[in-house]
Every structure is written in C-alpha cells, then in structure tokens.
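Can you build the whole structure from these sequences, using the hints too?
2 protein chains.
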Amino acid sequence: MANIYDSAYDLEKAVRESQEFQDLKTAYEAVMADEIAKKMFDDFRNTQLELQQKQMQGMEITEEEVEKAKKVVELVQQHDQISKLMEQEQKLNVLINDVSRIITKPLEELYGAQEQQ
Amino acid sequence: MANIYDSAYDLEKAVRESQEFQDLKTAYEAVMADEIAKKMFDDFRNTQLELQQKQMQGMEITEEEVEKAKKVVELVQQHDQISKLMEQEQKLNVLINDVSRIITKPLEELYGAQEQQ
Ligand SMILES: [Ca+2]
Ligand SMILES: [Ca+2]
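Residue numbers (our numbering), protein chains in the order written: chain A, 1 to 117; chain B, 1 to 117.
Honestly, the hints are just simulated from the structure, not real lab data.
Certain hints may be false.
Where chains are identical, the list cannot tell them apart; a pair therefore holds if satisfied intra-copy or between any two copies.
[As the list claims (entries may be wrong)] Straight line, CA to CA, 30 Å or less: simulated DSSO-like cross-link-like pairs of lysine-lysine:
#  : residue 1 : residue 2
1  : Lys54     : Lys105
2  : Lys68     : Lys105
3  : Lys54     : Lys68
4  : Lys70     : Lys54
5  : Lys91     : Lys13
6  : Lys105    : Lys39
7  : Lys13     : Lys105
8  : Lys39     : Lys68
9  : Lys13     : Lys84
10 : Lys105    : Lys84
11 : Lys68     : Lys38
12 : Lys70     : Lys84
Next comes the structure, spelled out in structure tokens:
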C-alpha cells in the first residue's frame, strides 16, 4: 500500500517537471523581467484580487470599478507576453483541477453513493 | 518523467486504501445505516450548507438562524456515531489539504520567488 505523502511528492515532482509548468515558468519569468509588463500584470492581479475580496465580503461593486477592471483586462490581453502567461496559467489550472477531481474521487463516491439511496 | 495523470491516479489509490479513508467510510456507513442518526446528520449538513450559501451571497444571517445552527451542532456532537464521523472527516480534510499544498508547491515557489524581489 503506497503512502499518501509519498504519492503526493511523486505527483509534485511530475507537476514540476511537466511541460505545462515549464512553459508557465518561462512565460512568468519573461513578464517579470520586463518592467512595464510586470507593472501591468501586477495592476491586473491587484484589481482582480480587490474585486474578489469585495465580492466575498458581500460588498457592492460600483459601475466604475467594473469599468476599470474591464480596461485593465483589455490592456493585459493586448500585451503578447502577458496574454501568453495567462494562457499558460489557464492550462495549469485545468491540470490542477483535473488532479483535484481525481484524488477526491473516493470521497465523492462515498458521499454520492448515499445520496442516491 | 512521470506523467501527471498517472501520478494522480496512484495518489487516488493511496487515498482510497488509506486507513483514514477506510475509517471515514466505516463511520459514514454506520451513520447512514441508522435512520435517526442519518436524519440528524442530514439536518446538520443542510443547515450548514444553507448558512454557507447565504454568506457567499452576502445575505444577512438572522440571530434565529445562528441559534438554530448552534442547536443542530450541539445535537450532532452529542451523538457518538455522528461525532465519530465528523472527527474522521476532519482527519481526511487535513490529509487532503496537506496533499494540495504539496502538489501546488511548484506554483507557490514560482510566484513566491518573484514576490520577494
Ligand atoms: Ca444522503
Ligand atoms: Ca511580484
């Protein structure tokens, strides 16, 4: 019987060595090495985080804030390096979500089986 | 280089065969097999879910609802089989959280490294 932590570290290694992670790393480092790109990306991130936090706290988001967020998104989408980075982030998100679904399947089956009774 | 999905399925197997999951399964099946315990547990779950959803939607939670939730929690905590189940759920949650932290470490390192610059 394989130990859960051993298997988890094997999986971590697989993530780290994957083409998806290596491509993300390259894209991230390219953005961080470019002062203007880095600032645009940080602005984008901060705007997203701010809105998420407001939403989670049940605070109202003003029309101006929505407009500002849209503009920041448009700006980063026009930047080749940043849109490449966001594309790689998206790919890794899909991968991590798949992995999460796989490893929590035993729980889903246990709880789901009862649901159907 | 190990494939991510192969490693994820290995980890799923390790979760499924773990003592923690087997103990959770036993505890869950014991509650589900007892009509009264099952009803109490379902009530508890539904109350928790309802409050969570309201919170996420930024809706106000009344004092009566808080009181009701407290009573439901007290009730299930006094039930041996249900408190055993909740204890096992908690153990598996810790395990799954540990695993999540391990497999997302490459990402944390990549983003964290830049943060410190
Ligand atoms: Ca059920
Ligand atoms: Ca930074």
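Unsatisfied constraints (hint numbers, rising): Those not satisfied come down to hint 2.
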